[in-house]
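All chains should be built: construct the whole structure from the sequences, respecting the hints.
Now for the letters of each chain:
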Amino acid sequence: MSQQRSKTASRWIIPALLLSALALTACGDSGPQLVQGSVLNRGNGAEPESLDMHKAVSTEANDVQRDLGEGLLGFTPNGELRAAAAERWTVSDDGREYTFWLRQEAHWSNGDPVIAEDFVYSFRRLVDPATAAIYVKSVADVENAAEIVAGDKEIAALGVEAVNQYELKIRLDHSVPYFLSLLTHPSTFPVHRGSVELHGTAHARAGNHISNGAYVLRDWLVGSHIELTRNEHYWNNSETAIDRVMHYVTPEPMAELNRFRAGELDTTRTIPPESFVQMKEERPEEVRTSPSLAVYYYGFNMTKPKFANNPKLRQALSMAVDRDTIAYEVMGRGETPAYGWVPDGTANYDPRRFSYADLSSTERNQTAQQFFREAGFGEDNPLTIELRYNTSNTHQRIAESVQAMWQEVLGVETTLINEEFQVLLANIEAKEEIEVFRLNWSGDYNDAHTFLSVLQSDNPSNLTGYKSADYDSLMDRAAGQTDPGMRKAFLEEAEEEMLSDHPLIPIYFYVNRSMVSRRVEGWGDNVLNYHYSQHLRLAAEE
Amino acid sequence: MVHAAPGGPFDSERRLPPAIEENIKEAYHLDESLPKQFYRYMRGVVRGDLGPSYRYRDFTVSELIGDAIPVTMRIGLLAILLALIVGISAGVAAALRKNTLLDRLVTGIAMIGISVPVFVLAPLMVLIFAVTLKWLPASFAGSSGADRLFLPVVALALPQVAYIARLTRASLIDVMNSDYVRTARAQGLKTSSIVRYHALKPAMLPLVSYLGPTFAAVLTGSVVIEQVFGIPGVGRFLVTAATNRDFTLVLGITIFYSAMIISLNLVVDLLYAFLDPRIRKR
Amino acid sequence: MSIFKSVIRTIQSSRTVTVCAAMLLVIAALSLLGPAISSHSYFSTDFDNRLLAPTLMDQHIFGTDELGRDLFSRTLFGIRITLLVAVVASFVSLGIGVLYGAIAGYVGGRVDGIMMRIVDGIYALPFIFSVILLMVAFGRSMLLILIAIGAVNWLDMARIVRGQTISLKQRGFVEAARLIGVPTSGIILRHITPNLLGVVIVYMTLAIPQAILMESFLSFLGLGIQGPQTSLGTLVNAGVSHMERASWLLVIPASVLALILLCFNFLGDGLRDLADPKGKT
Chain S
302 MSQQRSKTAS
312 RWIIPALLLS
322 ALALTACGDS
332 GPQLVQGSVL
342 NRGNGAEPES
352 LDMHKAVSTE
362 ANDVQRDLGE
372 GLLGFTPNGE
382 LRAAAAERWT
392 VSDDGREYTF
402 WLRQEAHWSN
412 GDPVIAEDFV
422 YSFRRLVDPA
432 TAAIYVKSVA
442 DVENAAEIVA
452 GDKEIAALGV
462 EAVNQYELKI
472 RLDHSVPYFL
482 SLLTHPSTFP
492 VHRGSVELHG
502 TAHARAGNHI
512 SNGAYVLRDW
522 LVGSHIELTR
532 NEHYWNNSET
542 AIDRVMHYVT
552 PEPMAELNRF
562 RAGELDTTRT
572 IPPESFVQMK
582 EERPEEVRTS
592 PSLAVYYYGF
602 NMTKPKFANN
612 PKLRQALSMA
622 VDRDTIAYEV
632 MGRGETPAYG
642 WVPDGTANYD
652 PRRFSYADLS
662 STERNQTAQQ
672 FFREAGFGED
682 NPLTIELRYN
692 TSNTHQRIAE
702 SVQAMWQEVL
712 GVETTLINEE
722 FQVLLANIEA
732 KEEIEVFRLN
742 WSGDYNDAHT
752 FLSVLQSDNP
762 SNLTGYKSAD
772 YDSLMDRAAG
782 QTDPGMRKAF
792 LEEAEEEMLS
802 DHPLIPIYFY
812 VNRSMVSRRV
822 EGWGDNVLNY
832 HYSQHLRLAA
842 EE
Chain A
437 MVHAAPGGPF
447 DSERRLPPAI
457 EENIKEAYHL
467 DESLPKQFYR
477 YMRGVVRGDL
487 GPSYRYRDFT
497 VSELIGDAIP
507 VTMRIGLLAI
517 LLALIVGISA
527 GVAAALRKNT
537 LLDRLVTGIA
547 MIGISVPVFV
557 LAPLMVLIFA
567 VTLKWLPASF
577 AGSSGADRLF
587 LPVVALALPQ
597 VAYIARLTRA
607 SLIDVMNSDY
617 VRTARAQGLK
627 TSSIVRYHAL
637 KPAMLPLVSY
647 LGPTFAAVLT
657 GSVVIEQVFG
667 IPGVGRFLVT
677 AATNRDFTLV
687 LGITIFYSAM
697 IISLNLVVDL
707 LYAFLDPRIR
717 KR
Chain L
289 MSIFKSVIRT
299 IQSSRTVTVC
309 AAMLLVIAAL
319 SLLGPAISSH
329 SYFSTDFDNR
339 LLAPTLMDQH
349 IFGTDELGRD
359 LFSRTLFGIR
369 ITLLVAVVAS
379 FVSLGIGVLY
389 GAIAGYVGGR
399 VDGIMMRIVD
409 GIYALPFIFS
419 VILLMVAFGR
429 SMLLILIAIG
439 AVNWLDMARI
449 VRGQTISLKQ
459 RGFVEAARLI
469 GVPTSGIILR
479 HITPNLLGVV
489 IVYMTLAIPQ
499 AILMESFLSF
509 LGLGIQGPQT
519 SLGTLVNAGV
529 SHMERASWLL
539 VIPASVLALI
549 LLCFNFLGDG
559 LRDLADPKGK
569 T
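Chains as they are written, first to last, in the working numbering: chain S, 302 to 843; chain A, 437 to 718; chain L, 289 to 569.
Just so you know, these hints were derived from the structure itself, not from any lab. Check the hints yourself; a few may be wrong.
[To be verified] In silico DSS-like cross-links for lysine-lysine, where the CA-CA straight-line distance does not exceed 30 Å: (1) A:461 with S:768; (2) S:470 with S:789; (3) A:461 with S:454; (4) A:570 with S:581; (5) S:605 with S:732; (6) S:768 with S:605; (7) S:789 with S:768; (8) S:732 with A:570.
Here's what the structure looks like:
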């Protein structure tokens, strides 16, 4: 009898367990809330590491921050400087003192007015050693900034001063022609003092964040999305067309493209090379590209005697790379072959090119072989080289192409090693085993200086270890120039000098590429790839 | 081990001037000796504080894991459930030798599950069902409701179906051949009642011991699924935490997983006792 | 010897199993003959002939990839590497697992208890995590991949072997050997281990597909074989992004991979039915 009952009871327990498990998992499944108003769905790429203006470094974070805040200046959709939080400004004759008059109608999202003190507070927080900010570069030239970061001077010594409630003065160590464009970078955006003092490191979280930009932070679900809503107190709110912006986390380009094609995203961060041709054929008006200020290169470890003492070898290796094939065939999204270091489109500059840029590939290969022999290598003295790159399908393909090219033209045997990015960097720094490495460099601002400064011998980002007294002196002389024409001439001469030394092999110049849905208007193709949400509009639905 | 790996969480090709690097190290206590860092960490753990994440700098590890766990759990459990339902039915059908269309269909699906890796299956499903046919959403975040669960759960469940089916089939055959089932049959009971009342429960026993590996496999699969479908779960942290050298996140995940496995073992033991009266009587 | 005879008999017993075993041998043979069959090497690029669909022209019977490399020779090469990794890694886990399990099962008692607790403890760590950490800490190389997969996979083998050892322990010939005075190590090596062969073979045919899938998962994570060398997993991964426009880059390696996996699975099923018809293992 009892056996029967227990059997009946036990019969129902398992199904009951299963059902309750199902119920538990199924309920509580709410997606994004449905709210009225227009929504823009943007694929933002990898997860931003922080939305704190002073802690974020990545492009992905900066793009969101540009919607969540505003600096003294900004850019138009075409990439030109425009007034933002500052209404107007003047520069002193020696180029060392800037005065800004702030917009008096600008307010924070809680109604507080945006005043000069906010900027002073924020700049000080940026250089404060306790903040441990990474992107201090934007204010590196401000008086005493470097010393404060190093802890040698107190924070109040920073050359930023609030003359009165709406007037701000910034003093620099020396003249910096591109300083105004630095003030568009999120690290120079003001942060709301009250919020920071109340919430500390959590001030950039939804619910705590006070914004002076076009949008406010409504929600941040790590791994999924960042949700922004209109800031009613923004001084230019009447011009903001879109009510809500969703920045989706899309670390995988193929998956991102699929989401776009399924109609879930209106814009994407990138277009994978394998799908570019297909997208051009299927949706030509939705493929948007523009030249970009970034270069893909292979660097030589210039501390290795093998390379340091043999300029002919470096030149041979550089010449043997068929840049046209890599840019047009292997990449094929509009990338251009890089026969120089500074990309086309850089403001106030005429980029230099290798002397052999116009040779036919046969001629170029022959000259490469000649240099290779003169460098002392050949069949009786073969060369093996090690090439390292960070893990990625694209990098692998390019590395394999270059491997094949070096093999065919020069008979060089290349060992390929792929490593994680952090490991690669650590190895580059250590400068022991590494020989040739892959990296890219992108400009922080639209001026040749951001590219050329990297090769100066005292720059910590000079990863090749290139040390040229001639180059350094040319760069110093350029820095000392107030006349833009003279400055341009010195910079160009410096690039020429560096290129002929071949400390690295530039391969191609990047191109900005995104899918932009037909219903999005106002997307300007600009070299810096800034696309403020406040400039965008959604076409009316049919 | 993560510390043994070269590189740190703040590395980038833009090298930092030494002063800034120092400031960062101080703020995150990376300048202290390893034992000291460890001690500081454990003290926090005891208080329930798993430390700040190095990569996601506005969040603490507890927040990150806490938000991500329910998501992964929900999809994982649904997948296991689906796999069990389909797998057990398939196994039972196969054991009772029904060569119906349904049986063949399920067998076919099971074959796909074990021979096509999930990182091929998942994007393929997205391409077919979301992009081309537009029947289902392509991602988790871009939609709401039960729709968005469908593709990820199915993709995750598929590899398990075959193993569960095979296990059920073998186990059920074994039970059907056992003495007391033969007795029941001799007494004239119908096959279906035999299966339901006498055979099914003991046949489930080997399945229970397979639950552990199933869970682990689903976890592995979730790494791919979460990446393809944009799901904010714990799976993608597994990979990215190590590659980002996010020390605290790595430790946090390890602690979480160990806790999970231990509880799972407990559940399994309990289920065993429940299913097998012989153990219970002891 | 009798073990092999029964294996052959099993293979001959079911048509599916025979076909599978034959196919595996054919695939393996083809891959070994690789360089002799195909007229292209697996690494030479040809930028004028990128992304060719399979064609008889130029003997690119499987087509070319995005760098113009012949897919046929790359597939053959990939098969070789995949099988190599899978078999070696399985042998590694076999070696560790059998020894560990046999010792634990035979010695029994507290030692057994401790050893199995350790297994449980390692089980608690998600294996992918351990593999990733290992690769992150010690760099990338084929050797490390083999060791990593093997080191993480031996747990199941150990458990099964232990169970089998325990049941073997009760059998007569072991008692007899002990009475004669054969030392424990001798018993383990010369009496128990050979009798485990049945279980081990069965398990191997299941461990190999697992190892193959693990290796392709590592490729997915970017931690797999370095270029220009390749494995089926790497080829499949690269093929996924060409699903629409160059589907042969996915379909061909994936089909080969699927075939190999299915064959091993069926083979394992068949062998297991022989070794343990009651399905108790």
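Open item on the list: Tell me if the straight-line CA distance from residue 461 (chain A) to residue 454 (chain S) falls inside 30 Å.
Closed with: Holds. Residue 461 (chain A) to residue 454 (chain S) sits at ~20 Å (cutoff 30 Å).
TODO: Compare the distance between the alpha carbons of residue 570 (chain A) and residue 581 (chain S) with 30 Å, and conclude whether the hinted pair is satisfied.
DONE: holds (21 Å)
Task: Satisfaction of hint between residue 789 (chain S) and residue 470 (chain S), Cα-Cα up to 30 Å - done: holds (28 Å)
Task: Hinted pair residue 605 (chain S) and residue 732 (chain S), Cα distance within 30 Å - done: holds (8 Å)
Task: Hint consistency between residue 461 (chain A) and residue 768 (chain S) [alpha-carbon to alpha-carbon, up to 30 Å] - done: holds (29 Å)
Task: Pairwise hint evaluation, residue 768 (chain S) against residue 789 (chain S), where the allowed Cα distance is 30 Å at most - done: Given that 30 Å is the threshold and the Cα spacing comes to 22 Å, the pair holds.
Open item on the list: Given the hinted pair residue 732 (chain S) and residue 570 (chain A), is their Cα-Cα distance within 30 Å?
Closed with: violated (52 Å)
- [ ] Take a quick look at whether residue 768 (chain S) and residue 605 (chain S) sit within 30 Å of each other, Cα to Cα.
- [x] holds (13 Å)
Violated hint: 8 only; the structure is consistent with all others.
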